[in-house]
Each structure stands twice: as C-alpha cells, then as structure tokens.
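Trainee: Protein chains in written order, with this note's numbering: chain A, 32 to 471; chain B, 32 to 471; chain C, 32 to 471; chain D, 32 to 471.
Think of the hints as simulated: they come from the structure by calculation, not from any bench. Errors might be hidden in some of the hints.
Coverage of chain B stretches by chain D, computed from C-beta distances (three or more under 8 Å per stretch; other residues unrestricted) [to be verified]:
(1) 126 to 133
(2) 150 to 158
(3) 391 to 400
With a Cα cut of at most 25 Å, we get these calculated DMTMM-like pairs of lysine to aspartate or glutamate [said to hold, decoys possible]:
(4) C:Lys310 to A:Glu275
(5) D:Lys170 to D:Glu111
(6) B:Lys385 to B:Glu163
(7) B:Lys191 to B:Glu103
(8) B:Lys359 to D:Asp313
(9) B:Lys321 to D:Glu275
(10) D:Lys227 to D:Glu348
(11) D:Lys321 to D:Glu275
(12) C:Lys266 to D:Glu275
(13) B:Lys359 to B:Glu323
(14) C:Lys266 to D:Asp260
(15) C:Lys310 to A:Asp313
For every residue, glycine included, the Cβ atom is placed at its ideal position computed from N, Cα and C.
4 protein chains.
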Amino acid sequence: MENINSIYSDNTMKKLADLRREFHRCPETGWLEFETTVKIISYLKSFGYEVIYGKKIHSERMGLPDESTMREHREQLKLEADFDLSEILEGYTGAVAILDTRRDGPTIAMRFDIDGNEIDEAKAENHLPNKENFASLNKNMMHACGHDGHIAIGISVARKIAERKEQLRGRFIFIFQPAEEGVKGAKSIVGTGILKEVDYFLSGHIGFGAEEGEIVCGAVGFLATSKLDIYFDGKPAHAGASPESGRNALLAAASCALNLHTLPQFGGGMSRLNVGVLKAGDARNIVPHKAEMQIETRGENEEINALLLTRVQDVVEGSAKSFGVKYKIVPVGDAPSYDKLDRDFVERLAKNLKIEGYKVTIGKAFGASEDVTYLMNEVEKNGGKSVYFMFGAKLAAPHHHNRFDFDENVLKAAYDVYMQSIDALIKFSFSIDMNRHKTL
Amino acid sequence: MENINSIYSDNTMKKLADLRREFHRCPETGWLEFETTVKIISYLKSFGYEVIYGKKIHSERMGLPDESTMREHREQLKLEADFDLSEILEGYTGAVAILDTRRDGPTIAMRFDIDGNEIDEAKAENHLPNKENFASLNKNMMHACGHDGHIAIGISVARKIAERKEQLRGRFIFIFQPAEEGVKGAKSIVGTGILKEVDYFLSGHIGFGAEEGEIVCGAVGFLATSKLDIYFDGKPAHAGASPESGRNALLAAASCALNLHTLPQFGGGMSRLNVGVLKAGDARNIVPHKAEMQIETRGENEEINALLLTRVQDVVEGSAKSFGVKYKIVPVGDAPSYDKLDRDFVERLAKNLKIEGYKVTIGKAFGASEDVTYLMNEVEKNGGKSVYFMFGAKLAAPHHHNRFDFDENVLKAAYDVYMQSIDALIKFSFSIDMNRHKTL
Amino acid sequence: MENINSIYSDNTMKKLADLRREFHRCPETGWLEFETTVKIISYLKSFGYEVIYGKKIHSERMGLPDESTMREHREQLKLEADFDLSEILEGYTGAVAILDTRRDGPTIAMRFDIDGNEIDEAKAENHLPNKENFASLNKNMMHACGHDGHIAIGISVARKIAERKEQLRGRFIFIFQPAEEGVKGAKSIVGTGILKEVDYFLSGHIGFGAEEGEIVCGAVGFLATSKLDIYFDGKPAHAGASPESGRNALLAAASCALNLHTLPQFGGGMSRLNVGVLKAGDARNIVPHKAEMQIETRGENEEINALLLTRVQDVVEGSAKSFGVKYKIVPVGDAPSYDKLDRDFVERLAKNLKIEGYKVTIGKAFGASEDVTYLMNEVEKNGGKSVYFMFGAKLAAPHHHNRFDFDENVLKAAYDVYMQSIDALIKFSFSIDMNRHKTL
Amino acid sequence: MENINSIYSDNTMKKLADLRREFHRCPETGWLEFETTVKIISYLKSFGYEVIYGKKIHSERMGLPDESTMREHREQLKLEADFDLSEILEGYTGAVAILDTRRDGPTIAMRFDIDGNEIDEAKAENHLPNKENFASLNKNMMHACGHDGHIAIGISVARKIAERKEQLRGRFIFIFQPAEEGVKGAKSIVGTGILKEVDYFLSGHIGFGAEEGEIVCGAVGFLATSKLDIYFDGKPAHAGASPESGRNALLAAASCALNLHTLPQFGGGMSRLNVGVLKAGDARNIVPHKAEMQIETRGENEEINALLLTRVQDVVEGSAKSFGVKYKIVPVGDAPSYDKLDRDFVERLAKNLKIEGYKVTIGKAFGASEDVTYLMNEVEKNGGKSVYFMFGAKLAAPHHHNRFDFDENVLKAAYDVYMQSIDALIKFSFSIDMNRHKTL
C-alpha cells in the first residue's frame, strides 16, 4: 500500500480553499442546511459514492426550527437536483456517503459537521470574506465556527479516497452531520444504527483547543450537556385594576431562573447551569402571562448531568406551581460526556503524525460540549476505537464572533491528518487484526 | 325598671381595679389560661351563675401549644377548686356563665377575652405594676393588651347582673374567651352553638382605636385574617463534600418567603401578607434540612383573604417541589372580616351613652383583626344584633409593649357602658319586640 | 347669548364621523404623530386660529422613541405644508390653538389626546374599519383607544367656536396633546405654562368608565403612576468554561423583578407595581450580560407612588450591586393622581346636561391613570376649575384590542357635551364673576 | 543517636489512654479551652518546658464567643494554678512549649488542636465514655472530633522528648492550638511569627481520611474556606397597619441566601457556598427587622475562594440596599488551601514508617478544610517542610456525632509515627544539611 501522504499535490490547497469559500457563502443553521446538503450530495455522487440522505439517516431530531422558519428559508432558495429533495427540505438534512472497497479491511467512519451559526456576518471591509468576496449571502446566518472548513475537508478526503479506491482496503463512511450547534443533530444520526459496525472513527475541529500549528490527537474532557427550552403560560390581567385575576408567568420564570442557578454544586465533579435567555411579557401594564427561557446544563459525567436534569425538572414544575401557571420543558439538544483516552491507540496515530512533522499533543481537554460524543460512545460501545483531533489555526476573531475567520492553511493540515490517519489505521488494523466487521 | 346607671357606688371603682390587678399578676397565654379560668369560674359560681367550661364550650381549637409547654405550665401551678379541673388543664380554657331571669326579655351575650401575651413584663421601677406590686408573676407572660381589664369588667358586670336579677328580664350569657391573641379561640367557642339564640351581643376593647375619654360605639373595619405555620423538611448533607445529596429546606423557605410577598395586590380591596418569622438550618457546613415560617394574611373582605390563602398554598407547595422538600401548612388562627354598621341600632345605644355624658363616636374602623368577628357574624347570621365598643384610655406604652399599662379609670367607664347598654337593650327589645327567642 | 346647542345641524354627525375616519386611517404612536399634527394644524389654521406648535408647546418630553424609529417613520411619510415642519418631525408633536374673543369672559381650555397605539389593526373582514375602508394604513399602529374620535371632536368644537366667535366671550384654548398612551405627553405641555391663566378646563374620554348612553361628569379616582424602563448591563462569558468571569444581568433582573413585586403593601391606600416586560440574554451558552425591564407603579395618592418609587430605586440599585452589573432607570412616563370633586361646580354642569336629556353620573372613579391629571392639577393650582367627562359608547372590543371600534354616535354626544358646557361656563362665569384672568 | 522507636514501653499505651480520657471529660469549645489550657501548661511545665501562653501566642482571634458566654463558662470552673490565668480566661487559650537542646539540629514544630465541639454527648449506656465513666462533664460540649486524643499524643510526645533531651539535637516546638473547629484559631497563632524559623512541621488527625490501620503520610487537597456571619438590621412595623414603614430584614436575608447560592460556578476548579443557618423575625404580625445568617465558602484554591468572597460581599451589600436595611459581615474563621506534595521528602518519611510495619499511603486528599494549612503554608514560605498525617482508626460513629468515639489503639500508632518521624527528620536534616536555622 502506498503512502497516502504523497498523493496530494500543490493543487490540493487551492481546491480546499475554494470549497471552503463556496460553503462559506451559503451558511445555513441547524436543520435548515438545504442548499448545503444538496451541494454535498452532488459532490459525493460525482465521486461515485453511494449517498444516503433524508429520513434514512435520521431517527429523532431535536431542536427543529418551527414550520414557518423552515418554509421561509425554503422559499428563498432555488435548488435544483436530479435527486429527490423533498425530505431534505423538511429538515432531514445532512448526508452519509459509503464506499466499500470490497477488500478485507477496517470500517473507517469520519464525521464532518455542516451547520452555520445564527449570526449576521460582519460588514467590515477588512473582514477577509468581504475583501475576497465570499461572505455569507444569507441574512443572520454565518459560518462562524469553521464548519465550512470541515465540509471542505470532508469532501476533499472523500474525493481522494474515491480516487484511490483501488489501492485501499475496507469500508469508508463519511458522515456530513447537520445541527451540531446546540448539540441537536448527532443523536438523530446515531439512532439509525449507521455506526454499529465501525472499527475506527475520526472527527475533529478547526481552531479550537489547540495553538496555531498544533494538532491535538485524542481530545478528551467533553462535558455532558443538555439544552432545554422552557415555557410558562399564565393568564393576563390589567395590572392596575385586577392584578389578582392574572397568573404571572414572568415571576414564575424569574423565580425559576434564580432557583435553577442554585443547583450546580456536586461533590462528584464539575457541573454547570446557565439560563442564557429569558423573555417574558408584552406590555408594561398587563400581568405578564407568557415567559420562555433557554437553558443548558453540563456535567463532568453523565450521572451529574442526569441528576442535574431531574433537579431542573423539579424547579421548573415548582416555579409553575408557585405562580399557578402551566409549563413545558422542551429538550432541544444534548450530548453525552466523553473523557476516555486509549493511550496506545492514540499514541500510535500521533507517532505517525509526528513523523510527518506535526507538533502533536495527546489527550488535551476539549473543555466544552460537542455532540460528536454520541458518535464516539456509539462506536466504542460496539468495540470500535475513536479519535478526535483539534487543528490549531490562526483566527481573526473567536468562534461564534461575527468576524470569525481562520487561516486556510489549517485546511491542508487537517486534510493531511485525516489521510495520514486513514493510512495508519489500515496498517494498524492488519497488524492487530482489529477488522472485526468484515466487508465481504 | 330602675336606671342601672345609678346602682354602682364609689366602691365599684376600687373593686374593678383590685380585680384587674389580681388578674394582671397571673397572665397566661392562649390555651394556658389555667389559673385565670379557675379564678373566673370561682367568681361566677359565687355569684350564683350556671357556669359551663371545659370541652363543653369548645369545638375546634387552633394554635394549641405543644404538650410539653402545657405540662410545664401546669406543673408550676398549684390550683385547687371544688370542681373538676382536668379538661381545663388540657387547654379547654375559658368559661361561659348563664343567667336566666325566667322573665320575658332578650338574650344578651357579652364576650371578654382573657389571655395574656408572650412578653416578659418590664422590670423598670417606674412601671406602675412594679411600683404598686401587681406585676406578672409568670416568666415571659404578661397582660400587655388589657385583657386583665376585660376580665375585671366582665366579672363586675356579671356580679351586678346577678345582684339585680330580680329587676331584670331575659337571659344573660357571659363568655370569657381564651386565646384571642393570634385569633385562635373564638372559632372554637362559636362552633359549639352557644350563640345561636342571642338577640344582642356586646364586646369591646380597652385603649384601642379610641382617644382618651372617647367611647367608640359600633367599631367596623375588622380585617379577615389567617395565621399559618409553615414547615419544610429536606435532607441534610455535608455542604463541602456532597452538597447534591442534600435537599435544601432553607432555600425552599427563602424562595417561598419572597414569592409569598409578591401576592398581595388585589383589585377588590386591601390585602396583606407578612412572613414574620423564618428559621432554618442548624450548622454552617450542613445543607440545611429544616425550615419553618410564621406567616399571616389579611384581606378587606373574606373573598380576598380566601383567594390569598389559595395562592399561599400554591407558593408553599411550589417552593417545596422546587427544592425537593416536604412541606406542612398548619393553620394556627383565623378570623373573618366585619364591616357592617346597623346605624339605627348603634345610634340608639350611642344616644343613651351621650345622655350619660360620654364622648361617643360611631362606626370607627378597628383597622386590625380580632376574632370577636366570629361571634358577631354568628349572632347576626341568626338574626341578632351586635356592637363592639372601643374604650379610650391613657396608656403608658403601646399595646404589646413590655411597659404597657392603662389608666384604670377606663374600667369604670367600660363597666358603665356595658350596664347602660344592657339597660337600653332591654328597653329597646320591648319597644320593637325583638326578643325573638323567648325565655319561657 | 344664543343657546349654542341649537347651532349644530344634522350635518354635524356626518362631519364628525368623516373626520374620525380620516384620522383613524393614519394612527401614529406617541411622539410620532407627524401626519396627525400636520393635519390638525391645517384644519385649525383654516378656521382662523392662532396655532402654536413645535418646541414652543413642549418642555420635557418623556419616553421618546429612539432616533432610528423616528427616522424610519419620517421617511415613509410624504408631508407637505405651508408651515415649517422641522420641529414636528423631530417629535415635537401636537398643537395648541388659541382664540381670543377680546370680550370679557373666562378662559376655557380643552384637551384632546391624539396618539394611537402600537397595535396591528385586525384584518378581519367584519371589523368595521375594514368593511368601510378606513382601517389603519400604518403597520403596527392603530387608533385602538378612541383618540381618533377625540381629535374629530376637538376639531369640530374648534370649528364651531370659530364660526360663532362674534357671539362668544372670553378666550378659548384647544390643546391637541401627543403621547397620552404611557402617560408621556402631558407633563411636557404643562411645563410650558400654557395653562397658567385658565379658568375652566374640560377633557374627556370615549367609551371608558361609562355605560352606553351614560355621560360621566366629573371623573375622579385617577391613580398616580410612573412608568420606568430599567436596564442592567453586565459582562458576557462562556457559561461552561469561565462562568465566574461573567456578570449576570439576567439574574440581576430576575431578582429585581421578584423583589420589586414585594413592595406594594401600603397602609395609606392602594398601591400597585407591575414588571410587565423582562428580556435578558442572547444565547443559551453565554452568561447573559444584558437585561431590560418595563415596569410601572401606581398609588392611590402621590405620596404612596413617590415612596414606592424610592423603594424601586433601592431594589434596582441593590439588584445591580448584588450581581456586579450596571443599571439605568429611565422614566418614560408619569401622571399624578386626581381625586377631587368640586361638587357644586360639577353639579351645575351636570344639571345643564340633564336638561338636554343626557343620563348623567357625577363623580365616578376613572380607576386607571391618564396624564390629563397633570393639566387638571395645574389649572386648579392656579385657581381654575376642571372637569373630566366619560362618554359611554357601544364598543366592538375593549380598548387596546386590535378589533377596538366604537359606535360613532358617541361623537355627536361628546361634541354636544363640550358645546353645552362651554355655554354653561360662560354663563356661570358671569354669574359668579369667576373670570379672574381678563382678556382685554 | 539511638533509635527513638525503642524507647516507649508497654506502659505508654495506658498513659496515652488515661490522658485522652482526662481531656475527654472536660471538652471546651473554641476560645473557651480554659481548663484544657491550664492542664496542658501544667503538664508541659512539669516536664521542664519553657511554656508560652496568653496574649504572647495570639495575634488576631476570629470567631470569639461573646463576653457573656465567656463569663458563664469561666464562672462554672474552679481553676487553680501557680501561674497567671487572667489572659487565658479572656480567651487567649492554647499553649506553646519550646525545648532547645542547644545542640546543632533542625527546628521541628508539631501542632495539636485542643478544642471540643458544641455537641451534647450521647447519654446512651453503650456509648463507651458513659460505660467507662469518662464522658463529658460540660453541657453542650463534647470531644467529638478526636482532639482529646491529639492532646494526649502531644503531651506524651513532649514528655518523651523532654526525657530524651540529652540524646537529641536541634529545637522542638509544641503548639497546642485552640479553636480549630470553624477554622478560627490557627491564623492567630501564625500571626505571632512563632513558625518563622521552623525546618520541619508535623501535624495530623485521628480517624479521618484513612482506613482503619492505615497511616496517610502527606495529606493534600485541603480546601480554602471562609466562615462568615452576616447580619441584617431593618425597621419593625405593624404588618397590617403600616407595612410600608418597616424595612424587611427577613426578605433581605431570603433574597441574599438565594442569590449567594447562584455564585459557585468557577472555571478554575471546585467552589462551594452554603448558607447553613438563617434566622429572621420575632413575631408573625411584625415586619421582621432582624436577620442573621451563618455561611461558608470553599474553593479548590485561594483565588477561587477569594473571588467568591468578593462576590459574597456584593450580594450581601446589594441585598441590604434592595430592602433598605443595614448589614454587617463578620468573618469568624478561615483557612487557606493546601495542595502540595514534596514527594521526595514525604516518601523518605513514609519509607521509615513502612519499615516499622505501618500500612502507609502517600498524598491522599483531605477533602475538607483544616486551619493547619495556615501553619503549613507559613513553614513552607520560610523554607521549611511540612507533613500532615491521617491516622486511620475504628470509629463508633462519624466525627461530630454525639456518639463519636475511637479505638484508643490509634493513640499509640500516632505517638509512634511522631516519634519515628522526629528520629528520621533529625537524621535527614544532617544528611542534607537542612538545619538552616542554627540553635547556638
């Protein structure tokens, strides 16, 4: 088997950047990645992949936008394709591409997240996407977390794998996952069983948790998290004439927010709770009868997060009872924790990367949440191994900032890391006969 | 019928003051009026009254002290009497004396409250009860609201009525009510049906709501009120090592107290809520698992107070739910509102008093709560009429102050007002044939 | 002097309705009454009035919309006039028209409020303004409180007064006041001193506080009120990674809202507080650093409202301190209480109206707030007399509802009441020589 | 130098247990260790030590009981001694004994805490101190944390060191520290500079953090902590008649407690806050004007605890401001964190103990707070080394339980560990010339 490393030319960089910019122009937030999905599928099909999409790759979607938001976004797009778009346009976004070499070898899955952020991209002239004309064309949507880069890397790796199909072994699964922001999309993908027979799983993130030029191999410390929307529904009344006939949803929410913030003290490890958004009431002189909150919980492990969630349920129910209002708790996203390090496995991958000249760190903490943990846990539950990379990059502004931008050189590094690792895994697989799931 | 007014000699004043001082020495708080009750019964029996007491005059006692408090008070007394004390010593305090002239005439009931306050009487030398040696002999108990005077008046009126029995008509009922403080005792008395056949009901208060020398005839504006004790019961835990395993009763109570205080805004009239006492937790480093609160509600009318109570129930239940603790709500006292004025009736009484030289005001607002309202409402529900007097007096300090004392001249005025009014009522009764309930 | 009553023909009704519909079409919210003001001035000038407007009639405007809102509304209008619009278009809206007969007689001022509500008018076909084609042309603005009717009445009365100028005595001042909603505009007008020499002041409201067909003469029970916007400004931080580096404006606002609602218990009379709107935070996973609240206070009298306001200040400052955030309190409206009744004066006016066949009630409680109280208090402070009418009308839906509409017959009644009262006041004035402020 | 280990006979155990029981009988809580101190000084003097006590060994005492508590305890004791007790009886408790061999060698300091707990010892017959007649003679005071054992060990080690004076080198300092419970006493001792020239510091705890039979050598993970008493002082008022004239300390405390509990979320490590006790208000119908709280904070390091304290200050001040009450924050105890391990040093000591047959664990987490950290940090700041032992013991009930008791065999083990370690340190000192502070 030839060294995959040698196979990409100087042209690779240009293609990666072009792809990234193509997707930077059309950012779409979670479950609205209509154009993004269509583009991705078209590329993958053109490379010869079997592509699965729509309802087939989804089980239970969390945090769906409401129907009017979906319709609005749908109506401003003019999408054409030679395949059926109907399910995609209902929010069954994302795509899975499979390539089976039909030669003995491991099943290697990779995951690339594809959604943008609900941010209006900066109009400043010195913001590179403006200067070089690839800024977002969608109002209040922006690739401000580097997922445009992830897509570009995924498509490029897929192209190269397809090109090299005859020299490879095993089976390749490319998962282009929607709705990573707010940890909404991974659970839906995992629920379909797509990852049941995966030997190796690779994923990663641009510009996060790593210094410029550094490659983290085997990120750990992913926090368990849950995202909830909470609604209180009371009864309006004139605040001067008959305040007692109203039931005050604003006060229920205010008391709830305070009481929720008393929860996160846990002996077993770190815990977090944030009421990030609270909106209540319409008019100064009316007893406010509607309130809503957006909250999140986190825990160093799932037990903490799970207990925290039952306590949240108590506080919400109690606050509603206290003020005689109704409540609704809607889970809109979640992800399990991940804090394992298969040191032997990761060091083997790292060693390979170091040989190629990369500055590699092993086992650094992610320190936040990412729903890739659903996929990693699923793969490992089924006996496979997983690794998460963090690709250090020079940034123009922090993630989720309206002037976020990254040095595109990281695309080549990330592409390279995937290709090198695939190479290593195939070798590794044979050395220890890890390919449990034969591809006959 | 002779004018009752003329029948009391100069000696009356001395007897009133002596009686008042006798009772001032042995103040006893609600449901603990053991000695007080025994003394009253003895007096009444000596005048020839049929006296009812113990369980016969009680239905449902609220706000009873706990058994150990009862026992402790019982053990420090040496009571002797030629009648059975057992029920009295179980807290069935108070007494009802009845005199039936067996001549046609109205049934006239009077109520005198007999309990003291949970206050340590001032030790200051210039406090008259100290100077003249009639200060409280009971630690942390004091007649600081003038009920000692009420007892003296009641006994004196009863004595005179008994003496004049042959010149009078109708039936007389003297109610010596326990536990007025905290509005605990009246409901229990009323529940026995004692007031079912009463034509006229008289009661009053010394030194409250009236200027010195003023007699208010027909007080109104009594607020409905409820007194509640609230308990929260959680789970202790080490606050440093495993805070999450505790359930915090202190925070439940704190949130409850704040949320309760958001309740009293009612379009239909005045409302009040006060969390007067909150005690929670034992140790700085333990998640506090016990909390208790003493609260009260008030309303300009019963509807307001009743709705307020259901809201209180919601807040308490919701606060408990929010923090995962148990709760208990114990009603320890209540009284209905009273805000009616039968102007014709009251003016007739007032006219009589004015003739005697009193400065009389009609229909002044009481502005607080008094459980005499249970008795007044009961009498009126059954077709009778009621009047509440306020006897203006010079005070040494405000009611419920540990230096409270009143100018004993008010005793004679009050005694006189009762006697004059009895006289007038008997006449009035015959003039309009109001004696519906014949005493055959 | 002829009876003014006889002077309006059958045509009056049609003119009133036409005018009302003309203004119903162009509702404009407080301080944005650009077109409304221009129309009113044009009418008044055409009748021969001296009209004052712009900065001359304003002292201190409260609750101004921000500059971008002003600009946006300005840009969608095409206003032409032969007088200078510049100050009007900066939000110095409203107009004052003066007519001096130069004959001895009283100065009579009338006030008509002219602003609409921030409500999108209902699109329902059976909503009369839709059916008869006079619905609002302005998005999210609607005359849903009858001020369109008030304008029509004011213009019609002004026209008639101008026509009859030669038969009248004294001086007439017509105040077309902006921004009554939210009690923002009156204070600004009063501050200019326009009402210093007024003998009689008349104002009123359509469809409020009176039954259909009823005319309330001498409304009382106007509550003192203050409207405040409150802002908290903290510091954002990642809620998972470094929550301690944020300063939480949402919790400051939540605690503030709860604590504010514990304030309104006052012995001296009714008090009210409402946090009507609370908005805080942008993102689920960020410590929320911005919060804003819209609140109002009310009091049965100014002392209560004033003390309540100082308590509000304490709570807001304390809440900000507690959570380490900055705060700002912006008064956006206020009105004093008014609860006086000059019974002799009002009965004289009422008697006159009863003679004309109206069902008149005297001294009914308004039960809410209206900044006309600023004008009434000012007139009375200077020795004048004031009266506020409530014109009962059949309504299609309650005030401030998006289907609000009133039976236009009330316009004629109201017009008539003003004219009758002017007639009576002139007569009255001469009978008691009340015209203190001579018009030489 | 002979092996110190060999020098204690079978009799040692009996003496240790006798001493422990002597002190178990007279437990005294923090700053009230009058009898305890006198006994300790007497023993130490009898061994020939120079003993320092009273004001000389104190700088700044925190959490002193009030004067009446001091007087009451003083008055129930009959203490006689041939030295001046006056400062001790003012709460300058504890003692420091110094022995200088006047031979070159290290300065070794040891600390033994001497206070008991505010607990009524169990009366159960099967509680060993009852069965064997050494239970507490002081009401509501008990040695429930093993400090009686610490005293016995300290006195016994001091006796042996004095006996062997001629065979030893260097200088020995025995610190008998008062008021460890509530972390009140250490700071006061350290502030005098007593530890400035110490080379080695030893301390330890019985029955905590170690299994039965286990010796932890080099405990780490001591949390920084602060103990605060918080007072709110408002204004009383009748809750029905004039609630607005009161300033509510109960609500200030309730809001404060809730808001305090929202604080402990820190990115840098574990943080804790507990409001353990809240007491407010006297009477149900009075606006409560007094409130007090007992709280504590903890942090994984001092930065966290320090920032947490500034936040506590904000919340308390803000809560007071919100409700118009005064506040006072009284620090009553604190201790820094300690989480260092000089592995070489500790392993050398441990190795020696293992040779003697002990089951030794190195570097186990204490997991709570102990103000010995003040002493350890001070010694290390000045270039010395410190070690904290945890002596595993069989317990009858957990620490701070009213049936706490420990298997007295641990006394011998602990005594032995001190003696062995002293031996090792003297040797160690000479091997590496660590005796920087010469004793000429």
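Trainee: Now tell me, hint by hint, if it's right for this structure.
Mentor: Verification of the hints:
1. Counting residues of the segment 126 to 133 of chain B whose CB lies closer than 8 Å to any CB of chain D gives 0, so the stated coverage by that chain is violated, three being the minimum.
2. Requiring three or more residues with a Cβ within less than 8 Å of a Cβ of chain D, the coverage given for the segment 150 to 158 of chain B is violated, as only 0 such residues are present.
3. Interface restraint, the segment 391 to 400 of chain B with chain D: holds (3 residues with C-beta to C-beta distance below 8 Å; minimum three).
4. Only pairs whose Cα atoms come within 25 Å are accepted, and lysine 310 (chain C) paired with glutamate 275 (chain A) is accepted, the gap being roughly 23 Å.
5. Among the hinted pairs, lysine 170 (chain D) with glutamate 111 (chain D) is consistent with the structure: their alpha-carbon atoms are about 21 Å apart, no more than 25 Å.
6. Using a Cα cut-off of 25 Å, the hinted pair lysine 385 (chain B) and glutamate 163 (chain B) is violated, with the two alpha carbons roughly 34 Å apart.
7. Annotation: proposed proximity of lysine 191 (chain B) to glutamate 103 (chain B) is violated, straight-line Cα distance about 37 Å (limit 25 Å).
8. Of the supplied pair hints, the one linking lysine 359 (chain B) and aspartate 313 (chain D) holds, its CA atoms being roughly 21 Å apart against a limit of 25 Å.
9. Between lysine 321 (chain B) and glutamate 275 (chain D) the CA atoms are separated by roughly 30 Å; this puts the pair beyond 25 Å, and the hint is violated.
10. Restraint check for lysine 227 (chain D) and glutamate 348 (chain D): the C-alpha separation of about 38 Å exceeds 25 Å, so the hint is violated.
11. With a C-alpha separation of about 16 Å, the suggested pairing of lysine 321 (chain D) with glutamate 275 (chain D) holds against the 25 Å cut-off.
12. Between lysine 266 (chain C) and glutamate 275 (chain D) the alpha-carbon distance is near 35 Å, which puts this suggested pair outside the 25 Å criterion.
13. A threshold of 25 Å between alpha carbons decides the hint, and for lysine 359 (chain B) with glutamate 323 (chain B) the separation of about 9 Å falls inside it, so the pair holds.
14. With a C-alpha separation of about 29 Å, the suggested pairing of lysine 266 (chain C) with aspartate 260 (chain D) is violated against the 25 Å cut-off.
15. Only pairs whose Cα atoms come within 25 Å are accepted, and lysine 310 (chain C) paired with aspartate 313 (chain A) is accepted, the gap being roughly 10 Å.
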